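Same order as they appear, the protein sequences are chains W and P. Using the working numbering, the first residue of the first sequence is number 1, and each one after it goes up by one. Using the working numbering, the first residue of the second sequence is number 1, and each one after it goes up by one.
Treat the hints as calculated values from the structure; they're not laboratory data. These numbers were taken from a predicted model, which means no experiment stands behind them. Where hints are given, some of them may not hold.
Derived, one-sided and incomplete: chain W residues facing chain P with beta-carbon distance under 8 angstroms [unchecked claim]:
| hint | residue |
| --- | --- |
| 1 | Ala49 |
| 2 | Leu51 |
| 3 | Ala77 |
| 4 | Arg78 |
| 5 | Tyr84 |
| 6 | Phe86 |
| 7 | Phe92 |
| 8 | His94 |
| 9 | Phe103 |
| 10 | Gly104 |
| 11 | Arg157 |
Only part of the chain W face toward chain P is listed, based on derived beta-carbon distances under 8 angstroms [as the list claims (entries may be wrong)]:
| hint | residue |
| --- | --- |
| 12 | Val82 |
| 13 | Ala90 |
| 14 | Trp108 |
Label pairs and their computed distance ranges (CB to CB) [what the hints assert, rightly or not]:
| hint | chain 1 | residue 1 | chain 2 | residue 2 | range |
| --- | --- | --- | --- | --- | --- |
| 15 | W | Trp108 | P | Phe11 | 28 to 38 angstroms |
| 16 | W | Ala169 | P | Ile30 | 35 to 45 angstroms |
| 17 | W | Trp108 | P | Pro41 | 29 to 39 angstroms |
| 18 | P | Trp145 | W | Leu174 | 35 to 45 angstroms |
Where a beta carbon is used, it is the ideal one built from N, C-alpha and C, also for glycine.
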Amino acid sequence: MRIEVDIRKTLRSSGREFALNVAFTCDDECGVIFGPSGAGKSLTLRAIAGLETPDYGRIAVAGKVLFDSSSGINVPARERAVAYLFQDYALFPHLSVEQNIAFGVRNWWQFRTHVAIRRRVEDLLDLFELRGLGRAHPWQLSGGQKQRVALARALIRRPDVLLLDEPFAALDPLLRDRMRDELLKTRAAFTVPMLAITHDPEDVSALAQTLVLLEQGNVASVVDLKGPPYRDAEGRASERAVRGLLGRVAGQEPVASKPPIRAVK
Amino acid sequence: MSSQEVLIPLFLTLKVAGWATLGATVAGVIVAFAIARLRFPGREILDAMMTLPMVMPPTVLGYYLLVLVGRRGPIGAWLESTLGITLVFTWQGAAIAAAVVAFPLVYKGARAAFEGVERQFEQAARVLGKSETAVFVQVTLPLAWRGILAGTMLAFARAMGEFGATLMVAGSLPGKTQTLSIAVYEAVQAGRDDVANFLVVVTSVVCISILLASGRLLRPPVQA
Chain W
1 MRIEVDIRKT LRSSGREFAL NVAFTCDDEC GVIFGPSGAG KSLTLRAIAG
51 LETPDYGRIA VAGKVLFDSS SGINVPARER AVAYLFQDYA LFPHLSVEQN
101 IAFGVRNWWQ FRTHVAIRRR VEDLLDLFEL RGLGRAHPWQ LSGGQKQRVA
151 LARALIRRPD VLLLDEPFAA LDPLLRDRMR DELLKTRAAF TVPMLAITHD
201 PEDVSALAQT LVLLEQGNVA SVVDLKGPPY RDAEGRASER AVRGLLGRVA
251 GQEPVASKPP IRAVK
Chain P
1 MSSQEVLIPL FLTLKVAGWA TLGATVAGVI VAFAIARLRF PGREILDAMM
51 TLPMVMPPTV LGYYLLVLVG RRGPIGAWLE STLGITLVFT WQGAAIAAAV
101 VAFPLVYKGA RAAFEGVERQ FEQAARVLGK SETAVFVQVT LPLAWRGILA
151 GTMLAFARAM GEFGATLMVA GSLPGKTQTL SIAVYEAVQA GRDDVANFLV
201 VVTSVVCISI LLASGRLLRP PVQA
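Input sequences plus hints: build the corresponding full structure.
Written out as structure tokens, the structure is:
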């Protein structure tokens, strides 16, 4: 699956100006955009989802052109077949877990939910270990449960691509490793390609096959992380190599490693 | 004092205030949504105009309405010639006057409610394939309904107590346009204190109940 992005957008607010000029192609199942905050990661992801309109350029996902300024194409967000996982999940607070999951496949004028939809929701509740929580409301859920509901809600529509906005930033550090594993399993089970943005080096080593490094609105480099030195023959990521890469390309001091939690385990 | 002297103005008041609230709510929600969500030139001026009925003397509003919907006014003349409707000195005229006076309460409440809805929920709905209508019906409105309903209840209370504009447009015809507040005035003028006392108590009870109910609605739900 291929994601092609080549966009420009200039934002102005109260005298300050930010220019986004991003071009990359991702052919792998797991792409990660890495960069410090303010590098334009969110803007890029939102443009792919159709939540922001670039000034110029072209966006294509899975062979479908979603945006092309030269031919005036701008597919509205609702028709893009793109799933978006918001950083704090944006679960609808007035709806139950079941209603949240069914939201994207149910019409508002239909009072009763179709049997087929109910069955799909049940299956997803099982798959995401949410059995028994169907009637609960978002404020009653833990962080990990919220993320699972948000994933189920996004995937029920069988999207072409799953976009993730800082997927683990809202979670407890201890929970992050587990949710990363879960996400990889989910991705494989649904065979859905994904593109995540993050500023956490651990997300890069855990998820990335293609890495896009973003710096001040520009692509610093696009790196293939599938082979050595970043991954050994068994496909395990080398965190040292990844950290070294992130530090070097970002032109900063190497990203500090986080000893305490790992050491305890 | 006969029960008719209280019941007739009471039911008339409820009818007038009910229709006025309905009209003010529909218009107030539409205008509030447009001003909260759209960016267009003259937005601030429109906002000020929509709030104006709250600060202007009701008699001035009533005068404007008379100029517009009176028999020789542009709207009134058209209504009479094409549909054969006269609004002046009718309960429908009273309802329009009350609607105009009550409108800012719905508008203000609905605008604050719409602005309090996080845009992210609407964006999440769009990415999940929802049309703008569906986003409004399934997300924006359910998340804003408390504020809108509280504004609506205040508007109903205000419409029930309307005096000045109603008197200007609809006059004080017993059984036809004489609402509670006007009946109180007439009773005091006629020296009938027993009628006035009773009318005052009825009006107070209804208004206090509405305020208590809307206060409950505005309080956020308890979330453990």
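Tested hints:
1. Interface hint at Ala49(W): satisfied, since its Cβ lies 6 angstroms from the closest Cβ of chain P, which is below the 8 angstroms cut-off.
2. Given the 8 angstroms rule on beta carbons, the hint for Leu51(W) holds: about 5 angstroms separates it from the nearest Cβ of chain P.
3. At about 4 angstroms, the closest approach between the beta carbon of Ala77(W) and any beta carbon in chain P falls short of 8 angstroms, and the interface hint on this residue holds.
4. This hint holds: Arg78(W) has a C-beta 5 angstroms from the nearest C-beta of chain P, less than the 8 angstroms allowed.
5. Annotation: interface hint on Tyr84(W) holds; nearest CB of chain P at approximately 4 angstroms, less than 8 angstroms.
6. Below 8 angstroms, beta-carbon pairs count as interface contacts, and Phe86(W) has one with chain P at about 6 angstroms; its hint therefore holds.
7. For Phe92(W), the suggested interface contact is upheld, since its CB lies about 6 angstroms from the closest CB of chain P, less than 8 angstroms.
8. The interface hint given for His94(W) holds, since its Cβ lies 5 angstroms from the closest Cβ of chain P, which is under the 8 angstroms cut-off.
9. At a threshold of 8 angstroms, the smallest CB-CB gap from Phe103(W) to chain P is about 6 angstroms, leaving the interface hint in force.
10. For Gly104(W), the shortest C-beta to C-beta distance to chain P is roughly 4 angstroms, which falls under 8 angstroms, so the interface hint holds.
11. At about 6 angstroms, the closest approach between the beta carbon of Arg157(W) and any beta carbon in chain P falls short of 8 angstroms, and the interface hint on this residue holds.
12. A hinted interface residue such as Val82(W) counts as satisfied when its beta carbon comes closer than 8 angstroms to some beta carbon of chain P; here the least separation is about 7 angstroms, so the hint holds.
13. The closest approach between the C-beta of Ala90(W) and any C-beta of chain P is roughly 4 angstroms, which is under the 8 angstroms cut-off, so the hint is satisfied.
14. With a cut of 8 angstroms, the hint placing Trp108(W) at the interface with chain P holds, because the nearest CB-to-CB distance is about 5 angstroms.
15. Here the CB-CB span from Trp108(W) to Phe11(P) is close to 37 angstroms, well matched to the stated 28 to 38 angstroms.
16. Range check, Ala169(W) to Ile30(P): Cβ separation about 38 angstroms, and the 35 to 45 angstroms hint holds.
17. The given range of 29 to 39 angstroms is respected by Trp108(W) and Pro41(P), whose C-beta atoms sit roughly 33 angstroms from each other.
18. Taking the beta carbon of each, Trp145(P) and Leu174(W) are about 39 angstroms apart, inside 35 to 45 angstroms as hinted.
Hint compliance for this structure: every hint is met.
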